Amino acid sequence: MLISVEAGAPNNGKGEDTTARVKYATVRGRRHPYVSAQAVRRWIRDGMAGRGAPASPVTRVGKAQNRAQKANTDADPITYADDDLFGYMRAGAKKDDAATTLRDSPFMLGTLMSVAPVHPTEDFGVMSRGVGEPVLHGHEFYTADLAAPFLFDLPRVGTFTLPNADGVGRPNYLTQEQALQVAQAAALGAGTEVFRGQGAVRLPVKERRHRAALLLEAVAHLHGGAKQALHYGDRVPSLIVMVPFKGGVNPLAHVITGDEGGLLVRGDVLRKELAAWNGEWIPPVRVGWRPGFRDDLRADFEKECAQEIADGTIVVDHPRTVLLGLASEMRGGALDAWFDDAAQ
Amino acid sequence: MRVKVDVEADRPSLAWDDVHGPARAVVYGLLEEHDPVLARSLHDDGWRGHPLKPVGVTSPQFKGAPRKRGVYTTSPDGSVWFGSPVPEIAAALVAALAVRTEIVWGAARLRVRGFTVEVGTPAAVEGLVELETATPVVLRREGRELLPDDEHYVERLQHNLSHKADVLELPAPRGLRVLGAGPRRMFSVRGAPRVGATVRVGMEADPRFVDAVRSWGLGLDTVQGFGWIR
Numbered sequence: 127m128l129i130s131v132e133a134g135a136p137n138n139g140k141g142e143d144t145t146a147r148v149k150y151a152t153v154r155g156r157r158h159p160y161v162s163a164q165a166v167r168r169w170i171r172d173g174m175a176g177r178g179a180p181a182s183p184v185t186r187v188g189k190a191q192n193r194a195q196k197a198n199t200d201a202d203p204i205t206y207a208d209d210d211l212f213g214y215m216r217a218g219a220k221k222d223d224a225a226t227t228l229r230d231s232p233f234m235l236g237t238l239m240s241v242a243p244v245h246p247t248e249d250f251g252v253m254s255r256g257v258g259e260p261v262l263h264g265h266e267f268y269t270a271d272l273a274a275p276f277l278f279d280l281p282r283v284g285t286f287t288l289p290n291a292d293g294v295g296r297p298n299y300l301t302q303e304q305a306l307q308v309a310q311a312a313a314l315g316a317g318t319e320v321f322r323g324q325g326a327v328r329l330p331v332k333e334r335r336h337r338a339a340l341l342l343e344a345v346a347h348l349h350g351g352a353k354q355a356l357h358y359g360d361r362v363p364s365l366i367v368m369v370p371f372k373g374g375v376n377p378l379a380h381v382i383t384g385d386e387g388g389l390l391v392r393g394d395v396l397r398k399e400l401a402a403w404n405g406e407w408i409p410p411v412r413v414g415w416r417p418g419f420r421d422d423l424r425a426d427f428e429k430e431c432a433q434e435i436a437d438g439t440i441v442v443d444h445p446r447t448v449l450l451g452l453a454s455e456m457r458g459g460a461l462d463a464w465f466d467d468a469a470q
Numbered sequence: 108m109r110v111k112v113d114v115e116a117d118r119p120s121l122a123w124d125d126v127h128g129p130a131r132a133v134v135y136g137l138l139e140e141h142d143p144v145l146a147r148s149l150h151d152d153g154w155r156g157h158p159l160k161p162v163g164v165t166s167p168q169f170k171g172a173p174r175k176r177g178v179y180t181t182s183p184d185g186s187v188w189f190g191s192p193v194p195e196i197a198a199a200l201v202a203a204l205a206v207r208t209e210i211v212w213g214a215a216r217l218r219v220r221g222f223t224v225e226v227g228t229p230a231a232v233e234g235l236v237e238l239e240t241a242t243p244v245v246l247r248r249e250g251r252e253l254l255p256d257d258e259h260y261v262e263r264l265q266h267n268l269s270h271k272a273d274v275l276e277l278p279a280p281r282g283l284r285v286l287g288a289g290p291r292r293m294f295s296v297r298g299a300p301r302v303g304a305t306v307r308v309g310m311e312a313d314p315r316f317v318d319a320v321r322s323w324g325l326g327l328d329t330v331q332g333f334g335w336i337r
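Read top to bottom, the protein sequences are chains A and B.
Each residue of the first sequence is one higher than the one before, starting from 127 at the first, in our numbering.
Each residue of the second sequence is one higher than the one before, starting from 108 at the first, in our numbering.
Selected chain B positions facing chain A (in silico; Cβ < 7 Å): (1) Met108; (2) Pro194; (3) Ala197; (4) Ala198; (5) Val201; (6) Ala202; (7) Ala205; (8) Gly221; (9) Thr223; (10) Val224; (11) Val226.
Think of the hints as simulated: they come from the structure by calculation, not from any bench.
No experiment lies behind these values; they were computed from the predicted model shown.
In this text, a Cβ means the ideal position worked out from N, Cα and C, and glycines have one as well.
Okay, chain A solo, but in the shape it has when bound (with noise of 0.2 Å):
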């Protein structure tokens, strides 16, 4: 997906003196801003939660007891989509001898890093309204376009692995934490089966949909991070490029990528990447292009791939449009294949 900033920074790193400066990493000697995955994540969450999934409660521990610092969510998938969505890692205290749950994240995505080097602008502000001696404040903004690759593993979604009985004599028992989630889980409606070769607990798929059709939704009205006041600038995507592909590999990787001269959208990569990955994927892949967005890029990118539009591999449209299709789509059960692992 990528983003468009601006004139923004939605997302800062640490603060010099007054100056609020922007996350950049250096490539080639070269700055980069970014805007991490947790930032990101966070306006995915707050999305679902407007949308009216509650998100898991955050408490934190830590400075308070004089212990190490954490900030924990209920940990609890079957409750929370966003517990489900965006898995956690809760650490038990080694002196308490206290279990670590944690789930691995069924949505992973990377940075959002600018596709071309950028060079900041440091705002200079002054606060001189109704006080004697004036405040000075600054703060960097930058206009760029952020991309990051993103997966969505749809099999996992809803899918809560149980305890193996790996090692000899080792029992696989529930603790009582996990023993109450399979009953909250089994009162959903809940089967067991085996998954990736290890025993599972699974939600009805009606509700799998749901929580992931909440996600898409939500990134299609994505908004959030800091300075919205200067700078404001919505977070909808102004290019996604999506395809349903069996396992891990990511065929987009090279599809949305820049130079010195700024953003590409290489036509000819993603043509080249679906025929070498022929069997893997399932047509269509969704392009969401938001019109008046490098409209340049846009004719060539037609142009290259006319053929794939033309026979509906390749559908172009509104990223909004393209996201809710897809999430009405599934909560449809018209994509209900995609819940599970394709056969080998």
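Knowing the structure of chain A, use the given hints to seat chain B on it.
Okay, now just chain B, sitting in the frame of chain A:
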């Protein structure tokens, strides 16, 4: 959903009346702890207007128990299976078991070593399926208990399975056949005899129904520990 509870008995053998006798009370005891309303309505009225109770349980089964003629011996390696195809009932059973350290089974105390959710055989596919029971199947016709060789056995078992399919709103199985049977067994349950035998049956059934009876059992008195599928 099926759960296997590993237990250790506090005595070397169970009284014959205590093999199947306490099962029903144990099940309702567990349900009541977590959801008294559900336990009461299931006990008094059955499930959703049907007198059937969609719950299954086994008598305690002990691995490596010493063989002794006429005695139901125990071992430290015992298990009791519980199950229900109905989400609410399964959830109440699991939640109640989560906090249990002991199950009082008649005169015996079974210390709970731990429990697991049983993950069944790979998801069944439409078509022929074979099921074998771990505990005897009880069937009755005109007040008389039937054994697998009896004339109306298949008919009554088919009737029982169709009724269960009705309760669960699933298609009934077809082409039921008895493929094998164990010896005749008689247990006393609160003073009344229960006669039956383990069976191996074949049928054509919807995978959802197969999954459901695996958590419920074949025949009557499943809440008393009969007809549990291995």
